[in-house]
Amino acid sequence: MIRRQSLSLLLLIATGGCTAAVDTPPSGSTVPILQRINDTAQRCWMRSGDPAFQPYRIVPELDTRTGKPRILMLKAGNAAGLPQLVIEINGGTIDAYGPIQNTPLAARINRDIVRWANGTTSCEA
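Per UniProt numbering, the very first residue in the sequence shown carries number 1; after that it's consecutive.
If you're looking for bench data, these hints aren't it; they were derived computationally from the structure. Please note that the accuracy of each hint is not assured.
Said to hold, decoys possible - Here are the simulated distance ranges between beta carbons:
1. A79 with N102: 31 to 41 Å
2. C123 with T103: 11 to 21 Å
3. T66 with E124: 13 to 23 Å
4. P104 with T64: 18 to 28 Å
5. A76 with R108: 31 to 41 Å
6. P99 with P51: 26 to 36 Å
7. Q54 with A80: 31 to 41 Å
8. L62 with P99: 29 to 39 Å
9. N102 with A80: 18 to 28 Å
10. E124 with A80: 11 to 21 Å
11. V59 with R111: 15 to 25 Å
12. T120 with A80: 19 to 29 Å
13. P51 with G91: 28 to 38 Å
As the list claims (entries may be wrong) - Taking lysine to aspartate or glutamate pairs in the DMTMM-like style, the calculated list, with each CA pair at most 25 Å apart, reads:
14. K75 with D63
15. K68 with E88
16. K68 with D50
17. K75 with D95
18. K75 with E61
C-beta atoms are modelled at their ideal positions from N, C-alpha and C, and glycine is treated no differently.
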C-alpha cells in the first residue's frame, strides 16, 4: 500500500530557497501540479497587476520530452537572461530557488507555491 504524505508536511525556507513535500500523482507525473502552480501564478501574480511582480514574467517549461518540467520567473524584457526563480518537483519535493529568494518577496512566493501545490487556487492565504 502506498502511503501518501500530506501535501503540507514540510516547509523549509533556508539558504535562499523553499522546499516542501508534495504528493505526486500515482502516474508519477508532476506536470499537473506544476501546471496548477503556473496557472495560479499567472492569475494571482502577473495578470492581477500586482506591482511586486511587474518586473517579472512567468515561463512554464512543462514539456517533459525536452527535459525536467519546471517553471521559470524571468525579468520582463529579458527572455534570454538568467531565471530569478526556478520551481521544480523532484520525487515528491517541490523546490523553489533563485536570486528572488533572497528578497523580501521570498516569503510570499514560498507560501503561495506551497498553498497552490496543495491544491488551493486562491490568490490570498
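The hints, checked one at a time:
1. At about 22 Å, the CB distance of A79 to N102 disagrees with the hint of 31 to 41 Å.
2. As the Cβ distance of C123 to T103 is approximately 20 Å, the hint placing it in 11 to 21 Å holds.
3. One distance hint, 13 to 23 Å for the beta-carbon pair T66 and E124, is violated here, with the actual separation near 34 Å.
4. For the pair P104 and T64, the beta carbons lie near 34 Å from each other, so the given range of 18 to 28 Å is not met.
5. Checked against the hint of 31 to 41 Å, the C-beta distance between A76 and R108 comes to roughly 18 Å, which is inconsistent with it.
6. Between P99 and P51 the C-beta distance comes to about 19 Å, which lies outside the given range of 26 to 36 Å.
7. Separation of Q54 from A80 is about 20 Å and departs from the stated range, judged on CB atoms against 31 to 41 Å.
8. In this structure the supplied range 29 to 39 Å is violated for L62 paired with P99, their Cβ-Cβ distance being about 22 Å.
9. For N102 and A80, the Cβ-Cβ distance of about 22 Å falls inside the hinted range of 18 to 28 Å, so the restraint holds.
10. Our hint of 11 to 21 Å for E124 and A80 is violated, since their Cβ atoms are close to 34 Å apart.
11. Look at V59 against R111: about 22 Å separates their beta carbons, and that is inside 15 to 25 Å.
12. Look at T120 against A80: about 33 Å separates their beta carbons, and that is not inside 19 to 29 Å.
13. The beta-carbon spacing between P51 and G91, approximately 36 Å, falls within the hinted interval of 28 to 38 Å.
14. For the proposed pair K75 and D63, the alpha carbon gap of about 22 Å is at most 25 Å, so the pair holds.
15. Taken as a hint, the K68 and E88 pair is honoured in the structure, with Cα atoms around 8 Å apart against an allowance of 25 Å.
16. Among the hinted pairs, K68 with D50 is inconsistent with the structure: their alpha-carbon atoms are about 29 Å apart, more than 25 Å.
17. About 20 Å separates the Cα atoms of K75 and D95, which keeps this hinted pair within 25 Å; it holds.
18. Distance hint between K75 and E61 is fulfilled; the C-alpha atoms sit about 16 Å from each other, no more than 25 Å.
Checked against the numbered hints above, the structure violates hints 1, 3, 4, 5, 6, 7, 8, 10, 12, 16; every other hint is satisfied.
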